[in-house]
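Kindly produce the complete structure, drawing on both the sequences and the hints.
There are 2 protein chains.
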Amino acid sequence: MKKLTTSTRGLLSEIKDEAAEMPVSERRNFLLKGLQLTAGSAFAMGAAKVMAETPARSNVPAWTKKLGRGVVSVPYGQPSKYEDDVIRRTVSWLTASTESSISMTPIHEMKGIITPSGLVFERYHAGLPDVNPDEHRLIIHGMVDNPITLTMDDLMRYPSESVIHFLECPANGGMEWHGTQMEALQFTHGMLSCCEWTGVKLSTILDEVGISADAKWVLAEGADGATMTRSIPIEKALDDTMIVYAQNGEKLRPEQGYPVRLFNPGWEGNTSIKWLRRLEIGDKPWYQREETSKYTDLMPDGKARKFSFIQETNSVITSPCPERPMLRKGVHELEGIAWSGRGTVKRVDVSLDGGVTWRQAKLKGLVLPKAITRFSLEINWQGEPLLLQSRSIDDSGYVQPTLTQLRDIRGSNSIYHKNSIHTWKLDTDGTVSNVQLG
Amino acid sequence: MKKLTTSTRGLLSEIKDEAAEMPVSERRNFLLKGLQLTAGSAFAMGAAKVMAETPARSNVPAWTKKLGRGVVSVPYGQPSKYEDDVIRRTVSWLTASTESSISMTPIHEMKGIITPSGLVFERYHAGLPDVNPDEHRLIIHGMVDNPITLTMDDLMRYPSESVIHFLECPANGGMEWHGTQMEALQFTHGMLSCCEWTGVKLSTILDEVGISADAKWVLAEGADGATMTRSIPIEKALDDTMIVYAQNGEKLRPEQGYPVRLFNPGWEGNTSIKWLRRLEIGDKPWYQREETSKYTDLMPDGKARKFSFIQETNSVITSPCPERPMLRKGVHELEGIAWSGRGTVKRVDVSLDGGVTWRQAKLKGLVLPKAITRFSLEINWQGEPLLLQSRSIDDSGYVQPTLTQLRDIRGSNSIYHKNSIHTWKLDTDGTVSNVQLG
Chain U
1 MKKLTTSTRG LLSEIKDEAA EMPVSERRNF LLKGLQLTAG SAFAMGAAKV MAETPARSNV
61 PAWTKKLGRG VVSVPYGQPS KYEDDVIRRT VSWLTASTES SISMTPIHEM KGIITPSGLV
121 FERYHAGLPD VNPDEHRLII HGMVDNPITL TMDDLMRYPS ESVIHFLECP ANGGMEWHGT
181 QMEALQFTHG MLSCCEWTGV KLSTILDEVG ISADAKWVLA EGADGATMTR SIPIEKALDD
241 TMIVYAQNGE KLRPEQGYPV RLFNPGWEGN TSIKWLRRLE IGDKPWYQRE ETSKYTDLMP
301 DGKARKFSFI QETNSVITSP CPERPMLRKG VHELEGIAWS GRGTVKRVDV SLDGGVTWRQ
361 AKLKGLVLPK AITRFSLEIN WQGEPLLLQS RSIDDSGYVQ PTLTQLRDIR GSNSIYHKNS
421 IHTWKLDTDG TVSNVQLG
Chain Y
1001 MKKLTTSTRG LLSEIKDEAA EMPVSERRNF LLKGLQLTAG SAFAMGAAKV MAETPARSNV
1061 PAWTKKLGRG VVSVPYGQPS KYEDDVIRRT VSWLTASTES SISMTPIHEM KGIITPSGLV
1121 FERYHAGLPD VNPDEHRLII HGMVDNPITL TMDDLMRYPS ESVIHFLECP ANGGMEWHGT
1181 QMEALQFTHG MLSCCEWTGV KLSTILDEVG ISADAKWVLA EGADGATMTR SIPIEKALDD
1241 TMIVYAQNGE KLRPEQGYPV RLFNPGWEGN TSIKWLRRLE IGDKPWYQRE ETSKYTDLMP
1301 DGKARKFSFI QETNSVITSP CPERPMLRKG VHELEGIAWS GRGTVKRVDV SLDGGVTWRQ
1361 AKLKGLVLPK AITRFSLEIN WQGEPLLLQS RSIDDSGYVQ PTLTQLRDIR GSNSIYHKNS
1421 IHTWKLDTDG TVSNVQLG
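In order, the protein sequences belong to chains U and Y.
Just so we're aligned, residue 1 is where the first sequence starts under the numbering used here, counting upward by one.
Just so we're aligned, residue 1001 is where the second sequence starts under the numbering used here, counting upward by one.
FYI, nobody ran anything at the bench for these hints, they're computed from the structure.
Cβ atoms here follow ideal geometry from the backbone N, Cα and C, with glycine treated the same way.
Be a bit skeptical, because a hint or two may be false.
EDC-like mimics (lysine to aspartate or glutamate), calculated; alpha carbons at most 16 Å apart, straight line [stated by the list, open to error]:
| hint | chain 1 | residue 1 | chain 2 | residue 2 |
| --- | --- | --- | --- | --- |
| 1 | U | Lys284 | U | Asp214 |
| 2 | U | Lys201 | U | Glu235 |
| 3 | U | Lys362 | Y | Glu1161 |
| 4 | Y | Lys1081 | U | Asp130 |
| 5 | U | Lys201 | Y | Glu1333 |
| 6 | Y | Lys1081 | U | Glu135 |
| 7 | Y | Lys1362 | Y | Glu1378 |
| 8 | U | Lys364 | Y | Glu1333 |
| 9 | Y | Lys1065 | U | Asp130 |
| 10 | U | Lys65 | Y | Glu1099 |
| 11 | Y | Lys1362 | U | Glu161 |
| 12 | Y | Lys1364 | U | Asp130 |
| 13 | Y | Lys1081 | U | Glu161 |
| 14 | U | Lys66 | Y | Asp1130 |
| 15 | Y | Lys1201 | U | Glu333 |
| 16 | U | Lys81 | Y | Glu1161 |
| 17 | U | Lys81 | Y | Glu1135 |
Quick list of the computed label-pair ranges, beta carbon to beta carbon [stated by the list, open to error]:
| hint | chain 1 | residue 1 | chain 2 | residue 2 | range |
| --- | --- | --- | --- | --- | --- |
| 18 | Y | Leu1094 | U | Ala96 | 52 to 58 Å |
| 19 | U | Gln78 | Y | Gly1355 | 41 to 47 Å |
| 20 | U | Trp93 | Y | Ser1396 | 57 to 63 Å |
| 21 | U | Trp286 | Y | Asp1134 | 51 to 57 Å |
| 22 | Y | Lys1081 | U | Ser97 | 19 to 25 Å |
| 23 | Y | Lys1065 | U | Gln78 | 31 to 37 Å |
| 24 | Y | Asp1353 | U | Lys362 | 49 to 55 Å |
Footprint (simulated), chain Y over chain U, 3 or more residues, beta carbon under 8 Å [said to hold, decoys possible]:
| hint | segment |
| --- | --- |
| 25 | 103-116 |
| 26 | 168-179 |
| 27 | 391-398 |
Printed below as a string of C-alpha cells:
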C-alpha cells in the first residue's frame, strides 16, 4: 500500500481515456465507475457486484474465522506492522554526525492537523539526553525578586493551558535555497509538526518571581550536552510563551524535551529550548553561539539578519507529491497544508500552471492560529502535465512570496526561513517531481 | 514521580499550617513560598536561592556532560522510560477472557483534549484481528443502485474530512450502578478517549452508490471473529457518520479498527464498528445480538430500552482523584473533563460539599462539539474534608443528573449509560476515594 512499485505506476497506462471529454457534472459517476473498474486487480465491475451481493456467505477472510489478540497484550499501543514504512528519516550526507543532525516527519502520510508524537521530527545539537525527571530542576533567576528552583511536581501545580500549534525548524526547506535537490516532500518540508502542547504560561511564572522593571530579555538554556541557549525578548515571554511538559495528551516525548521545554508559538523551533534547565532574566540579549554564528540569516551584503524569530506563512501541496503520485486520471482531491507563525491562515490559492492563474482552495476542518491548516481543491486530471503550486495568505496580510521575490531580498546564502512558493511538476504518467520556478 | 509512595504522602504532615487563616489575596505569594520550601527534599528556601544564583557553574547534571542518542535511533518515537506506568489497564475479574474484554485509558494522566493513540482504551468481542490492508475490502450493498467493493486505495481517493471527537464505551462507569467498587479514575471513567479522526463522510459514499428511497437503516459489520454488527438509522448515516482510516494524524491503530472503521460522533462506541467490512442498506433494523441481548438498557420493569445510541453529557474531576491526591495544602487548580454526545459542553459547575452549593468552573482551551472539554476551578484547600462533584450542561440544555435522578428512571439493572454526577471524597490527609451520594 505504501511503497510505490513499478507495477503500481504501470496501472496508469492501462486506464482508458474515456473521461477525457466528460463534462464536470458527470465526474462523480465517473469516480464511482473508476472505483469499480479498479477495485482490486482481480475484480472487473461485474465481479465486484457479485461479491457485494453475497458478502456474508463467501469471501470471508481468514482473520474473521478466529480469535484475535487479547487486551493489554500491548499496554502502550503501536502502529500496525503494515505501516512500518511511515517513519522519520534522515539525510545521511547532511551533517557530520547523527548527534548533531535532524530527522524529518513523513508529512506526505499525515492526515488532519495533529502530528503523532512518534513521528515529530528530531533536531539535536548534542544528541538526545536521558533526563531523569525526579532529578531535573528548572532554575529561574537573574533580574527577579525571588529566584526559584522548581521540581517537575512544583511546575505541575501551576494552572495549565493546552494549545494546538505547529513547531517548525527554521532550516525547513533550507536545502533548496540554491536549487532543487530533495526529491521527496518528507525532505523538502519534513522539519514540521503540529501538536497539542500543555504546560504553564511563562508569564504566570514570571509574575510569581517578580521581574525587574528593567528586564528586557530572557535566556533559556537546555540541559543537553550542547547546553543550547537562546535569548527571548520579554514581550514574547509575557505574551504566549509556555513552559511545556505534555504533548498530544501525554508527557513530552524525550525527543521533544522531556521532561520540560520552552515553547514559543509561531517562532523558529530552535528558540523553544528542549530539556529546559534555566531561565535567566536580563536587560540585553546574550548573543550566544546559536543566535549569532547559527540561526541568523546571511544576507547578500554579507551581514547577518539576527533574531529572525517568526516562521512566516508557508504552504505545500501534500497530495500529489513525489511520494504520492497520481495513480489514475479523473477527479482527485488535491490537498495540502498551510501555516503561519504570525497568526491564522486566511486563504490559500492553488495554481495548476506554475503561478500564471490561481484558484482559491477550500480550508478544511479546524483553522487555528499558529497551527497547520489543511486546504483542498477538486481537480479533474486527464493526464496533462501540470505545475502545481500553493500560496498562503495569513490574517496579517502577509502573502507567501515567490522564490524570486524571496531571493531578491535575501539572496541565497542563508539556510533559514525559506518559505517561498513550492512547485511540484506533475508529469503525464502521474509521477511528481520537485522543480523550481521564479 | 508517578506512583504515590508512603513517604510522599508523609510530606503532608510536615507542611506548616501557616496559611490556614491567610486571605485569598495572598495565595499567590504562598504558592511561591510553598514551592521554595518543598522544591526537593534537600532544599530549604535559602539553599534553593543559592543554587539559583550560580546555575551555570555548579550542579551541572551528568546528562549535560556528554553526547546523547543520535537521530533515528528510534524511527518511530516512544514515551520516556520514566513514564512506563502510564499504560492501559484491565480489571482481571471483569470478563471471562482477554479476547472479550476491555482495557482502560489512564485519564488521570491525560492532558489537554487529545488522547494519545497508544493509550486509547481497547474493547474486543473476539480479540484484535490482524487485518492485511491490501487484502481488506469494504462492501457496500443492499438497497442501493450500484453496490461496490472498495479497496483501501479506492477509499482514500474520496474527499477526506478530519474531526476531533470523543469515543466512549457505553459501559463506561457501568461497574458503579449498584455501588462504588472501583478505587481509581482509570477504572471508573477510563473507557473514554478523544482523537482527531480522518476519513470520508458516509453520506459521500451513499450518494455515490445511490440508496433506495425506502432505505431506513444501515447494517455495519466488522471483520473480527465476532463479526460485530450494529444497525444505524439512515438519518445518522446521512448526517455525520464517517468511514475513518486515520487517527491523530496517522493510520488507525490496530486496536481502533485498522485499516478502516465506522465512526458515529457522540454515539456509543460499539456502533462505530471496527475493521469495517460491510455496510448493508435496508429498510428496518436487523436486531442483531449486540443490539438486543447486549447494548440495550435493562429497565426496572424488565423491558429493554433499545437503540440508546447517544452518550449523554458526563463529567468527572481528574485532579484530584484517587491516583492524584492532594500533596499539599494551599491553592490548587482543580481540573476535570466534560463531554456530550449531543453537542457542545456549555457549562460545568463544581461542588466542594457534595452538591449542596455549586460554583461555575472555567472551560479551558478548545471547546468543540462531541469532544472532551477541560474545566478548572482554583481552590484554596486547607486540609478540610471535601466532597468533590462536577455537573456538566450541554448546549441542548441537558443537565447531568444525580445518581438518584438517574436511578429513579433507569433503576440499577443496566450496565450502560451511567452518566450521573460522580463524587470524590477528599480526606484531611489529601487522599481521594470513590463514594456515592444521591
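Consistency of the hints with the structure:
Restraint check for Lys284/U and Asp214/U: the C-alpha separation of about 10 Å stays at or below 16 Å, so the hint holds. This hinted pair checks out: Lys201/U and Glu235/U have alpha carbons roughly 13 Å apart, not beyond 16 Å. The suggested pairing of Lys362/U with Glu1161/Y holds, with an alpha-carbon distance near 12 Å, which does not exceed 16 Å. A hinted pair counts as satisfied when its Cα atoms are at most 16 Å apart, and Lys1081/Y with Asp130/U qualifies at roughly 9 Å.
Between Lys201/U and Glu1333/Y the CA atoms are separated by roughly 14 Å; this keeps the pair inside 16 Å, and the hint holds. Using a Cα cut-off of 16 Å, the hinted pair Lys1081/Y and Glu135/U holds, with the two alpha carbons roughly 15 Å apart. Pair hint Lys1362/Y plus Glu1378/Y holds up; C-alpha atoms about 9 Å apart against a cutoff of 16 Å. Under the criterion of a C-alpha separation no larger than 16 Å, the hint pairing Lys364/U with Glu1333/Y is inconsistent with the structure, at around 35 Å.
At roughly 11 Å between alpha-carbon atoms, Lys1065/Y and Asp130/U fall within 16 Å of each other, so this suggested pair holds. Taking the CA atoms of Lys65/U and Glu1099/Y, the gap is near 14 Å; set against the 16 Å cutoff, the hint holds. Restraint check for Lys1362/Y and Glu161/U: the C-alpha separation of about 12 Å stays at or below 16 Å, so the hint holds. Restraint check for Lys1364/Y and Asp130/U: the C-alpha separation of about 32 Å exceeds 16 Å, so the hint is violated.
For the suggested pair Lys1081/Y and Glu161/U, the alpha carbons sit about 25 Å apart, so the restraint of at most 16 Å is broken. The suggested pairing of Lys66/U with Asp1130/Y holds, with an alpha-carbon distance near 10 Å, which does not exceed 16 Å. At roughly 14 Å between alpha-carbon atoms, Lys1201/Y and Glu333/U fall within 16 Å of each other, so this suggested pair holds. With a C-alpha separation of about 25 Å, the suggested pairing of Lys81/U with Glu1161/Y is violated against the 16 Å cut-off.
Distance restraint check for Lys81/U and Glu1135/Y: the Cα-Cα separation of roughly 15 Å lies within the 16 Å cut-off, and the hinted pair is therefore satisfied. In this structure the supplied range 52 to 58 Å holds for Leu1094/Y paired with Ala96/U, their Cβ-Cβ distance being about 55 Å. In this structure the supplied range 41 to 47 Å holds for Gln78/U paired with Gly1355/Y, their Cβ-Cβ distance being about 43 Å. At roughly 59 Å, the beta-carbon separation of Trp93/U and Ser1396/Y lies within the given 57 to 63 Å, and the hint holds.
Judged by the Cβ atoms, the range 51 to 57 Å given for Trp286/U and Asp1134/Y holds: they are separated by roughly 55 Å. The hint said 19 to 25 Å for the Cβ distance between Lys1081/Y and Ser97/U, and at roughly 24 Å that hint holds. For Lys1065/Y and Gln78/U, the hinted distance range of 31 to 37 Å is satisfied, since their beta carbons lie about 33 Å from each other. Roughly 51 Å separates the CB atoms of Asp1353/Y and Lys362/U, a value that falls within the hinted 49 to 55 Å.
For the segment 103-116 of chain U, the stated coverage by chain Y holds: 9 residues have a C-beta nearer than 8 Å to a C-beta of that chain, and at least 3 were required. Given a C-beta distance limit of less than 8 Å, the hint that chain Y covers the segment 168-179 of chain U is violated, as 0 residues qualify and 3 are needed. Evaluation of the coverage hint for the segment 391-398 of chain U: breached, as 0 residues show C-beta separations to chain Y shorter than 8 Å, against a requirement of three.
Of the numbered hints stated above, those contradicted by the structure are hints 8, 12, 13, 16, 26, 27, listed in ascending order.
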